[in-house]
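Trainee: If you read the protein sequences in the order shown, they are chains A and B.
Residues in the first sequence are numbered from 136 upward in steps of one, following our numbering.
Residues in the second sequence are numbered from 4 upward in steps of one, following our numbering.
Note that these hints are calculated values from the structure, not bench results.
Do not take every clue at face value.
Said to hold, decoys possible - Taking lysine to aspartate or glutamate and the EDC-like style, the derived pairs with C-alpha atoms no more than 20 Å apart in a straight line are:
(1) A:K313 / B:E415
(2) B:K17 / B:D102
(3) B:K304 / A:E143
(4) B:K304 / A:E359
(5) A:K424 / B:E415
(6) B:K80 / A:D159
(7) B:K14 / A:E204
(8) B:K332 / B:E232
(9) B:K269 / B:D255
(10) A:K281 / A:E316
(11) A:K424 / A:E353
(12) B:K166 / B:D544
(13) B:K304 / A:D450
(14) B:K304 / A:D306
(15) B:K341 / A:D431
(16) A:K312 / B:E415
(17) B:K501 / B:E489
(18) B:K463 / B:D544
(19) B:K420 / A:D450
(20) B:K179 / A:E221
(21) A:K311 / B:D228
(22) B:K420 / A:D431
(23) A:K429 / B:E415
(24) B:K465 / B:E489
Claimed, not checked - Pairwise CB distance ranges, derived in the manner of DEER restraints:
(25) A:T203 / B:E482: 55 to 65 Å
(26) B:S294 / A:K453: 27 to 37 Å
(27) A:S310 / B:K199: 27 to 37 Å
(28) B:R534 / A:S310: 46 to 56 Å
(29) B:E536 / A:G428: 13 to 23 Å
(30) B:E229 / A:S310: 23 to 33 Å
(31) B:R406 / A:E204: 44 to 54 Å
(32) B:R406 / A:E380: 42 to 52 Å
(33) B:Q63 / A:R199: 29 to 39 Å
In this text, all values refer to a predicted model and were calculated from it rather than measured experimentally.
By construction, the Cβ of each residue, glycine as well, lies at the ideal position given by its N, Cα and C atoms.
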Amino acid sequence: MNGEELTEQETALYDRQIRVWGVDAQRRLSKSHILVSGLTGTVVEFCKNIVLAGVGSLTLNDDRPVTTELLSANFLIPPDESVYREKPLAELCCDSLKDFNPMVRVSVQKGDLSSFDVHFFDKFDAVVVSSCSLNTKKSVNEKCRKSSKRVAFYSVDCRDSCGELFVDLQDYTYSKKKIDEMTECRLQFPSFEEAIAVPWRSLPGRLSKLYFAMRVIERFEELEGRKPGQTSAADLPNVLNLRKELCEAHSLSESQMPDALIGRLLAGTREFPPVCAIVGGILGQEVIKAICGKGDPIKNFFFFDAMDGKGIIEDIAKRDNEAEQFQIGCLEGCLEVD
Amino acid sequence: MATEQQLSAIKGSKVLMVGAGGIGCELLKTLALSEFQDIHIIDMDTIEVSNLNRQFLFRQSHVGQSKAKVARDAVLKFRPNISITPYHANVKDPDFNVDFFKRFSVVLNGLDNLDARRHVNRLCLAAGVPLVESGTTGFLGQVTVHVKGRTECYECQPKPAPKTYPVCTITSTPSKFVHCIVWAKDLLFAKLFGDKNQENDLNVRSSDASGSSEPAEDVFERKKDEDVEEYGRRIYDHVFGHNIEVALSNEDTWKKRNKPRPIYIKDVALAEVIQQNGNLDKVPVSTDPLSVSAMTTIGLKNPQDVWSLAENSRVFLEALKLFFLKRGKEIGNLSFDKDDQLAVEIVTAAANIRASSFGIPLHSLFEAKGIAGNIVHAVATTNAVIAGLIVIEAIKVLQDDVRNYRMTYCLEHPSRKMLLMPVEPFEPNKSCYVCSETPLTLEINTSRSKLRDFVEKIVKAKLGMSQPMIMHGHALLYEVGDGLEEDMATTYAANLEKVLAQLPSPVTGGTVIMVEDLQQELTCTINIKHREEFDGEKEPDGMILSGLTEALVQKNDEASKENGASTSNVSETVSVEAEEDDELQILPAVSGLAGKKRKLPDNANSSNSDLSGVIDETKIPRKAIDREDSEAVVVLDGNGERKKKRGQ
């Protein structure tokens, strides 16, 4: 991994994926540094994917002790209490992940994510957060944006059998294949805070209902001072009241976030392993693409619901004229039209 | 999160996984986490280094061991209390019969070849067990559900046949790099290192298809005491120089084509070759024949580099020398193996020299290996996504949740905002000869075609049967199996050589034949139609089976265009699976069934109204997904004999 030629070992190991994204991309991957915080089942899947892909380093942040709940979607940790009782989640995962690819440096970063400063995030090419509060999400995203180099920011949350992925690549230039040649494209991503501030009424029609449902629950957790994911079926009446208020404020019909959906998301606190695999896989692809600078990224939300089986991309951004013209220029210039 | 009902169905189920590779590892892990308790897994392969980038249950230290067994051990580490039964075996093994399949609630495929998929499909139909099929290539993937009587079976929409190239394109008029690879691999390599008794088209010329044995056959024999390097140069000049000159002498071939140029050793800047003689000492002594390399001897280190003509020539000569000096014992028995470094080097070099001759762009070893080895590009993430989708469908199947079964496509570029696109399954295809047992029609010259031709080209190749039994009324014309009585075996052997009309129970126009595979429990009825003439180019097999729904986009159209100017005498085809030319194909059924009502009850969920629209507009990469590693390369001669089949 000296940064120039791939070693013979790497060429042999990565042969099949080099055939997908090329040697240059593989080299870039080997020099990249990833931070993840919140080792949920989905994030563990992501970690597996990114380590197999051959990134330079992966830093894990999650000081929580292991519980049976946390183990339910975690294939890295043997269910032996005498072993897992001794160490925090991140450390146990770290030990296992190293095994998947000895060429990747996997390490643990202790501490509260919200306490790290801009300088800390600067070291990374991509930051992935999960199971963190709205405030922390916003603040980490901001710190990534403040960095002098571009730090890609991703947040992922799965509830019941659904998943939401958010992507912020800031001002992003990348290449893509158009028929026989490579073209260059440029996209502007809003921050999480900017995205969710977009008035609901001005969002495109037929937007994924999951978006709204997640926003309501997110707000509920914030108001109630709950830890992320700390909800239950009993919260439904209160959440529905909150929904009513928010929909009135946004002049949006409550049918955009159905009772049944909200009920599922509140009650489904245990992760669903197939969804972890799916969303963790999509996230893995996204981070790999962003590091390689190749291929259309998801802009900027991805939703999955096992109930209908759709994996949908939604573009949630402020639509002022200037921004819109810029986006349209990109679309005509280089993005494929469906 | 799984509901109580789902959990109970899961825990009570017994699941069969076929394949413990890319999809298999991800699937086994997700099944275990999803609380499946009784999983059986079949895989005949052992672990290789190139698997480790995605088959995460395996480690470097496991290379060479059984995939099924190692996968099981790895998963038991984090779910010690579930039952996983591994089988290091071929799923086509007779042990895995209908009774075996009947024991399972659902079968989940993570296979890498069409042949095994068809086999499992038939067994699932026979056993009445639902099948969840899947496939991935690069960033693309799909999951499909097949339930007998309710949805299409896996073969209701036949998958495209392996890509074929007419022999003359390979031997005389290549226009693409893949043609050069096929020439180098199936003709030159085979001629130099393979079975000497195999017929080989290396010296076939378009103007002379009579295939008469010529003195030129002796060219490839290394004379007693002939210096290896001299032999190498002689071969080089013969295939790249002399043979091209001979081809050029037939002016007709080149009227509308660019002429190739003959290349002789003397013309190539090979001064350094003579100096390499001494370098043999520097070649590390290795007990592993597969690690001997010409590239490293010459100092070419990067498999991604495209070598010059001179470099390719040096590699060719050096590799040839190394085969004789270091691996002499294997010569006469070798077949191409993508993991055989020296074989890959010599094929790359030979293909490149030929390409140079014909004005075709040269390729790197890396690229050539991919084409010659039919390597499928693969990443962990797609397999993980597909595995998750498989488990979701499996849970629906366990609960008989028919209305919610979906075929799901994992796209590289979103279609109508969707990266994961679910589609409702189609009802069974009434003309499917596999699940609807619809009769087929065969046009054939019953006075000229032998039973053997019928067995090879139709029963095995097209119908995918491996242990066939052929009957005309009550008369048994042919069968395979252990324990055949001697007189029966003699009769069958004799029958194979007879033309259809002369069989003990004559098969002529209007005859109805029954073909059966006992293991697959598949019976096919075939109506025979006699036909005198067949077009040598367009119908090279000399027989046409209809009633199979063919894939809409035929890659062979391209091949017949290329052949426009060549003679029609050459009628054989060389089959190869070419990764590089795979394109998105429109699902055949899509156009035909767009307006068709399904028997599955209409789902009141309004979001489904999107789905039918999506199908029409979307190109679904089915062909790409069913491609695989190490599919057989088949060379057929004029008698329809399979000359050489590799792979399983």
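Trainee: Provide an ascending list of the numbers of those earlier hints which the structure does not satisfy.
Mentor: 4, 6, 9, 10, 11, 13, 14, 15, 20, 21, 24, 26, 27, 29, 30, 31, 32
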